[in-house]
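S.K.: Chains as they are written, first to last, in my numbering: chain P, 2 to 118; chain E, 6 to 220.
I should point out that these hints are in silico values taken from the structure, not numbers from a laboratory. The C-beta atom is built at its ideal place from N, Cα and C for all residues, glycine as well. Keep in mind that the hints are not guaranteed to be accurate.
[Stated by the list, open to error] When the alpha-carbon atoms are kept at most 27 Å apart in a straight line, the in silico DSS-like pairs for lysine-lysine are as follows:
no. : chain 1 : residue 1 : chain 2 : residue 2
1   : E       : Lys165    : E       : Lys154
2   : E       : Lys67     : E       : Lys104
3   : E       : Lys165    : P       : Lys57
4   : E       : Lys67     : P       : Lys47
5   : E       : Lys154    : P       : Lys57
6   : E       : Lys144    : P       : Lys47
7   : E       : Lys41     : E       : Lys104
8   : E       : Lys144    : E       : Lys165
9   : E       : Lys104    : E       : Lys165
10  : P       : Lys57     : E       : Lys144
11  : E       : Lys144    : E       : Lys154
12  : P       : Lys47     : P       : Lys57
13  : E       : Lys104    : P       : Lys47
14  : E       : Lys144    : E       : Lys104
15  : P       : Lys47     : E       : Lys41
16  : E       : Lys41     : E       : Lys26
[Said to hold, decoys possible] Okay, the calculated bits of chain E under chain P, using three or more residues with CB under 8 Å as the criterion:
no. : region
17  : 33-39
18  : 84-91
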Amino acid sequence: MTISPPNATTIPPMDGALAYPRSNGEPVFAAPWQSRAFGMVVDLHKSGRYPWDEFKERLIQEIAAGRLTDVPADASEYYYQWIRAFSRLLIETGLLRETEIAEREHEFQTGIRQEVY
Amino acid sequence: MFEPHSHSDAHGHHTWNEPSKIEARVRALESLLVEKGVTTHDSIDTLVAAFENDLGPMHGAKVIAKAWTDPAYRRRLEQDGTSAIAELGYRGLQTEHVKVLFNSDTDHHVWVCTLCSCFPWTLLGIPPVWFKSAPFRAKVVSHPRCVLKEFGLVLPDNVKVHVWDTSAEQRYLVVPQRPAGTETMSEEALARLVTRDSMINVGRALTPAQAGGAS
Numbered sequence: 002m003t004i005s006p007p008n009a010t011t012i013p014p015m016d017g018a019l020a021y022p023r024s025n026g027e028p029v030f031a032a033p034w035q036s037r038a039f040g041m042v043v044d045l046h047k048s049g050r051y052p053w054d055e056f057k058e059r060l061i062q063e064i065a066a067g068r069l070t071d072v073p074a075d076a077s078e079y080y081y082q083w084i085r086a087f088s089r090l091l092i093e094t095g096l097l098r099e100t101e102i103a104e105r106e107h108e109f110q111t112g113i114r115q116e117v118y
Numbered sequence: 006m007f008e009p010h011s012h013s014d015a016h017g018h019h020t021w022n023e024p025s026k027i028e029a030r031v032r033a034l035e036s037l038l039v040e041k042g043v044t045t046h047d048s049i050d051t052l053v054a055a056f057e058n059d060l061g062p063m064h065g066a067k068v069i070a071k072a073w074t075d076p077a078y079r080r081r082l083e084q085d086g087t088s089a090i091a092e093l094g095y096r097g098l099q100t101e102h103v104k105v106l107f108n109s110d111t112d113h114h115v116w117v118c119t120l121c122s123c124f125p126w127t128l129l130g131i132p133p134v135w136f137k138s139a140p141f142r143a144k145v146v147s148h149p150r151c152v153l154k155e156f157g158l159v160l161p162d163n164v165k166v167h168v169w170d171t172s173a174e175q176r177y178l179v180v181p182q183r184p185a186g187t188e189t190m191s192e193e194a195l196a197r198l199v200t201r202d203s204m205i206n207v208g209r210a211l212t213p214a215q216a217g218g219a220s
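Excised from the complex, chain P in its bound form (with noise of 0.2 Å):
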C-alpha cells in the first residue's frame, strides 16, 4: 500500500506528484484506514449483509448533507462521508450498536487497544 504525497490530496493546480505520470499504478488510497474502510463496505456486502443500494444511498446522502462546494481541496472527505454511511448502515440494519462503537472508538483512541489492522 501507498500513502500519497502531502500535495496529492488537492487540485488544481496538476502539478506536482500529482500530475504525473499519471499510470495505471497511481496511489488509490490517501491512506491506509482508507483502504481498511473500503474493505469493510465490500466484503459485508459481498458476503449478503446488505444490498449494495443500501450503501450506496447513504454515501449520497452523506455527500449531499456534506460541503460539496466548500471543503478544502480534501479527497479523503470522501472516506469520511463513506464511513459515515457505514456507521449508520451498521446500527440502522442492527449489525452494530451505536453504544458499542463509540465504546470500541474510546478504547482505540486511548490506547486501551492498539492493534492496526
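Dock chain E against the given chain P, drawing on the hints supplied.
M.R.: Showing chain E alone in chain P's frame:
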C-alpha cells in the same frame, strides 16, 4: 481474536501512536465486526489487495483493446455496453448500466460524478484522488477544456467536448482513439497503451513509444 494484525510493516504496530478520530472509528468497526464473526481481517485484506492489484484498470483496458481490433465487438459495445463488457467476464458491482462512448477526430467525451463519486471499480480500479475532489467535479462541468488542458490534453477548437455526469443508474466508459502506428500490435499489447485516465477521458491512450518509456 485480538492478535495484532500485521497488515503492513509500514504501519509500525510495535509502537503505539494515538490514532486520529477517523482511524479509531475505522479500527473500532473492524474490531467489532471481526469479533462478531461478520467478517475477518484476512477477508478484508484479500479484498483490498484484489482491488489494488487484480481488479485494476486493466479490465477496462482489455475492453478498449478489443474494441480497437474487433469491429463486431465495437458494434456490440455501441449497442449495449453492459452486455458487451459482461462478455469478457466483467459484471456486477458498479459495472451495471455502462454506456460506452467513442472518441473521434470531432468528438471528445469526458465523464465525471458530480453528485458523489460513482466509479466502475471492477473496470477501472479505485477512483484516483483527484476524481473525487470537489474542484475537479465542479470545474470539469463548467470549464472542461480548461481542465483537460491542466491534464496536458489540448484539443483543437473543432473538437466538440461532451461531459457526461455519471450516476448510480448510468456509468460510462470512454473508448479513446487508437494511437497512430499501432496497426500491427496485438490486442494484448494494445491494452497496455490504455491508461485509466484515457478511459475517464482526461488523457489519451499512450503511443507505443510512451508506453515503452513509462514502464
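S.K.: Given the hint that E:Lys67 pairs with E:Lys104, does the C-alpha gap stay at or below 27 Å?
M.R.: 16 Å, holds
S.K.: How does the region 33-39 of chain E fare against chain P when you require at least three residues with a CB closer than 8 Å, holds or violated?
M.R.: holds (count 6)
S.K.: Is E:Lys67 within 27 Å of P:Lys47, Cα to Cα?
M.R.: Roughly 25 Å separates the two Cα atoms, so the pair holds.
S.K.: Can the restraint linking E:Lys144 and P:Lys47 be considered satisfied, given a maximum Cα separation of 27 Å?
M.R.: 35 Å, violated
S.K.: For the pair supplied as a hint, E:Lys144 and E:Lys154, is the alpha-carbon distance within the 27 Å limit?
M.R.: 12 Å, holds
S.K.: Given the proposed pairing of E:Lys154 with P:Lys57, does the C-alpha separation stay at or below 27 Å?
M.R.: 32 Å, violated
S.K.: Hint check: E:Lys41 vs E:Lys26, CA-CA at most 27 Å. Holds or violated?
M.R.: Judged against 27 Å, a Cα distance of about 22 Å means the pair holds.
S.K.: Is the hinted pair E:Lys144 and E:Lys165 satisfied, with a Cα-Cα distance of at most 27 Å?
M.R.: Holds, at roughly 17 Å.
S.K.: For the pair we were handed, E:Lys41 and E:Lys104, check the Cα-Cα distance against 27 Å.
M.R.: 40 Å, violated
S.K.: Would the pair E:Lys165 and E:Lys154 pass a check requiring their Cα atoms to be no farther apart than 27 Å?
M.R.: Holds, at roughly 14 Å.
S.K.: Would the pair P:Lys47 and E:Lys41 pass a check requiring their Cα atoms to be no farther apart than 27 Å?
M.R.: Given that 27 Å is the threshold and the Cα spacing comes to 17 Å, the pair holds.
S.K.: Under the criterion that the straight-line Cα-Cα distance not exceed 27 Å, is the pair E:Lys104, E:Lys165 satisfied?
M.R.: 19 Å, holds
Checked against the numbered hints given earlier, this structure breaks hints 3, 5, 6, 7 and 18; the rest are met.
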